[in-house]
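Construct all of the structure, not just a fragment, from the sequences and the given hints.
Chains as they are written, first to last, in our numbering: chain A, 1 to 239; chain G, 1 to 567.
In case anyone wonders, no lab produced these hints; they're calculated from the structure. Remember, it's a predicted structure, so these values are computed and weren't measured experimentally. Mixed in with the good hints, there may be bad ones.
[To be verified] With a Cα cut of at most 30 Å, we get these calculated DSS-like pairs of lysine-lysine:
(1) G:Lys11 / A:Lys128
(2) A:Lys152 / G:Lys286
(3) A:Lys152 / A:Lys103
(4) G:Lys293 / A:Lys152
(5) G:Lys293 / A:Lys88
(6) G:Lys293 / A:Lys106
(7) A:Lys128 / A:Lys169
[To be verified] Example chain G residues on the side facing chain A (calculated, C-beta under 8 Å, incomplete):
(8) Arg13
(9) Arg60
(10) Phe312
(11) Glu323
(12) Ser324
(13) Thr332
(14) Glu336
(15) Ala403
(16) Ser409
Positions of the beta carbon are idealized from the N, C-alpha and C atoms, including for glycine.
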Amino acid sequence: MIELRSVTKTFGTFTAVDNLSITIPPGELFGFLGPNGAGKTTTIKMIAGLFAPTSGTVIVNGFNIVTHPIDAKRTLAYVPDQPFLYDKLTGREFLYFVGGLYKMQKDLVHRRVAEVIEHFEIGRWVDKKAEDYSQGMRQRISIAAALVHQPKTIIVDEPMIGLDPRSSKIVRETLRQQAKAGVSILMSTHSLPVAEELCDRIGIIHNGRLVYCDTKDGMRAFEASMDGKLESVFLEITK
Amino acid sequence: MTLFLHILRYKVRSFLNATFEVSSISVIRGIGSLLVFGGFAVGAYYFSNNITAFVLEQTRTGLYLYHRFISMMLFVFFVAVNMGNVIVSYSTLYRSGEVSYFMTKPIPHITIFLHKFLDNFFYSSTTLFLVAFAVLLGYGTYFGYSWYFFAGVMFFVLIPFMFLAACMAVLVLMGVMRLAGRFGFRPVMGGLFAVYVGFIALFFRSSNPVRLIEQVNRYYPNVDNYLSQLDPGFLNYLPSHWVAEFLFFLARGDVARGVSHAGILLCTVAGMFAVLVLVASRYYYKSWLISLKIQAAASAPYDPEKANVVDFRSSGLLKGALESLVKKEYLTFVREPSQVIHLIVMLVLTTLFVASIGNLNLRIRVTEIQLVTYLVLFAFGGFLVSSVALRFVYPAVSLEGNAFWALRSAPVRPEAILALKFAIGFFIVFFLAFVVSFASNVPFLRFSGRTPLLPWFGLFSAFWMSLAVVGLNLGLGGYFANYNEKNPIRVASTQGATLTFLCTLVFLIVLVVIFLYPLSVYFQSLFIFRPFDRWSIVVPGTLAGMISTAVCGVSFAVGLRSLRRDW
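Here is the structure:
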């Protein structure tokens, strides 16, 4: 579960996120949309503990990310928008490395790594060093690494960038399965069809403020009031 | 040419934007840098000025011998700049994303080459220019030269001298790439390394400083004369010798002969640059393609069934996050060729240092000479240890790179990350410091065998020195972290790194000052049998320990704070 309570983040005089409040319960896949520079990545980084909020509180599975970062992060998985990996480690080594960071038992790591390698169909090149990977390969490793420790919450920033159609399908199905299994997911994306297909609820952020937030049904009703397209809703709201 | 200037304009603009970005942190950093660089430049000036005065007036070494020493130092400097450029330009010319980008544009390959070559030269040599100028100022002021001497020597002698080293380095590198395409990268680099070591050994064998001193002393008191009959013939072909000859003749007032040596240097530089451009225009693109081939060959998948020395799948003594972090540190280090090559170079230099001082024959039983020798060895050992720390500990945080998100978003405390990096750095640096300190004390054991205070002093000072030096490098390396730079050598040659190194030197000077008095009393007790109370070294020792702990603690806190900054 993710709870953002009146979260604000400023950089000097610029307010990137302005008094944002969202709650994502277990089992919900929340789509986080917004134009470039709206504050999506800043929000995600605050949830992941990479940015400290200027004010407000971020609670991840009952733990405040600022005051109890280790407890919060133990239950969390983060997939960044740029899937940087350690160039000199192989994909497999990176998966084991991440498993170790979450203090998983060795036999459990063996099993989980084997599972995610098979699930994401990365076995053919997972033993190459990451410096030789394409953007899509890195993205798949980065998403696979997020699932190794079986998190309760996943925050994922632009997961479809660089993925081929087959990988994109695997990732979409995986996210749906995880949500079905009770994992709360916050997904930022620019792909409106993906958001429409996957998300239980969609929030649109613009100039750091949450300007729209509704369930799939509510959103469809709103779409119908316009021309039936999410794109039109998005463009209208972020005008 | 138009394209060259076009790219240059935007690179300069980008540089200026980055350099003059006005924020409170950048202003504080700028003032701090200015103070430390200024302080260091003043220190280098006074050192150079005083050493020139001391050597020429106190020891009456004479102009000829002094300039031969300068020639030797310039030779070492030339080789260091040359080797440094071989290593750094491999990254700049062959592994840079910018080069890959330019290669997709309609830009002549020679334009790309010249940009990257000049970028490499000025990026890695800016601090050396400052040091060279401060030393030159100190040297020239002793002889009372005018301002135009300094400007002229800097622009027409010292910068061309370093530029020549860089040109030769890149020519060597392109040769290496050609051979590597045929014989493999590692064997060729190994061969090149052996050639360099052999060349340095041959130089010092042929121009043995001790033999030279003895030969020059035969001509005493006419030691300011031009005793070129003592020079081995091959010296005439070395650029370091031309620079030393230029300075020597100027010091004797023979401007024409001095300028002729500068002329030889400038002609050689022009010729070498022309050769470089010619070779690069024909061969740079081909060698770049070879580098891609070498990189592709190195990217063959690892055999997952084959157990490695350090394998993430196997269980070790360590558990959980610590195990993961240690294995990651190890693998990312040994798989980076520049790290391994530099480590070998550092170990060879340390071995040479240890072997040379181990055989030191201290025949003159005079308190002052023994004390100065001891302190010089102590400071030089500290300098060596500081260099190792700068090269390997300072970049430790930066080298996490953009993949640091994986650690920062994982349930691992920043303290644990930094503490592990500190422990690894401390282990290596303390080991080296201990070996160097032990070797430095060996020549003195003949006098102090019955009272083994010096080895104990060496051990404790090595410990405190390592603690502070590692703390400083790790902490300030974190504070000035540049996560976008993948090349550890470039990280260790940034402005922040230089600042850290200067802070380390200041710390070493403080240590020398603290121990000066008790050691002086101790050496007096050995040679003139003045009573020595062992407790008299306890107070300075405690003070040194407190300062080292404080330096380490404050630096660690600074580094930790930077790890908690927004990512």
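In rising order, the numbers of the hints this structure does not comply with: 1, 2, 4, 6, 8 and 9
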